[in-house]
Amino acid sequence: MTETADTRLLRRFLNTVRVATATAIAEYELTAGRAMAAAPVRFQALAAKGADGWRFPAAGLEAADGLLLATLERDETGAPARLVLQAQGSAGLDVYAGASVRLLLGTYGPEFDLGFDAGGRASADLTTVAIDEDELSAFTLSRADEAE
Amino acid sequence: MVSFDDVEAFVSDIADDEDDPLVSEEEALPLLERAVRAGAVAADEKTLLAAILEGRPLADAMKTDLGLRRRLKNEWEGDLAAYVSDLSARVAAFVRREREADRKRIATGRLAGQPLLQEPTR
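Residue numbers (the numbering used here), protein chains in the order written: chain U, 1 to 148; chain G, 1 to 122.
A portion of the hints provided could be inaccurate.
Unchecked claim - Quick list of the computed label-pair ranges, beta carbon to beta carbon: (1) U:A59 with G:E27: 51 to 59 Å; (2) U:A22 with G:L29: 17 to 25 Å; (3) U:T71 with G:L29: 42 to 50 Å; (4) G:A38 with U:P57: 24 to 32 Å; (5) U:G60 with G:E100: 54 to 62 Å; (6) G:G39 with U:T128: 32 to 40 Å; (7) G:G39 with U:D94: 52 to 60 Å.
What the hints assert, rightly or not - Just so you have them, the derived chain U footprint on chain G, three or more residues with Cβ under 8 Å: (8) 26 to 38; (9) 49 to 56; (10) 74 to 86; (11) 95 to 109.
Derived by calculation from the structure, the hints in this document are not laboratory data. The beta-carbon is built from N, C-alpha and C at its ideal position, and this holds for glycine as well.
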């Protein structure tokens with residue numbers, strides 16, 4: 001087939017997209033596994049999806065290691081407003097009081113850099129990001145010095 | 001629906017010149033717009049493709065776009081690699097259609113992708 005400038009450009013475009021997407025997927029598969037391994041604290045809700053979709057448990061969600069409890073505060077419309085993390089017991093306080101952490105919501109959701117206060121409390125302002133409530137059904141937290 | 005076999009056959013057919021340079025960002029953006037207008041990719045997917053072409057990590061590109069995350073969750077069950085592979089295949093199908101349209105335009109005596117040039121008037 002005779003190539004015009006346009007068809008040649010389209011061919012180069014296609015080659016570029018294929019190279020870039022293959023590279024992005026390879027890079028993602030490498031780094032995603034590493035990120036999961038580096039995230040020491042995981043929160044994972046049991047699948048409890050109601051007719052209106054998944055809702056964050058009213059009693060909160062406990063970290064897999066039991067040292068943190070996450071609770072959700074809502075605004076007047078019921079939309080998620082803040083995710084509050086509270087260290088549990090003296091063991092939790094030992095680990096988290098004054099600590100800086102990085103919170104990753106969902107698998108691909110927004111990230112927050114948070115600092116725990118002396119009482120072992122930290123809060124992520126969800127009004128600053130676009131997020132669905134069911135993205136809060138699983139999230140990870142890593143110490144800031146380990147997240148780099 | 002994009003036939004994977006058809007697209008792969010087309011790609012292996014046209015992607016034989018490895019010396020061709022990759023397109024620049026300035027060249028790519030109008031083509032992405034064209035792919036959106038042709039219905040090959042959605043407007044928010046154009047943003048994801050642009051980020052990929054810029055070399056930004058996939059996960060970073062998803063973090064700021066709730067619409068893409070919903071699409072990934074609802075249509076791809078969270079399989080980001082499969083979703084991006086499908087995007088690439090849809091771009092390939094778009095290129096195939098555009099080249100086929102160009103071929104027809106050439107066959108009917110028109111310059112591909114451009115309006116007919118007029119004879120200069122004296």
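Of the hints stated earlier, which fail here?
4
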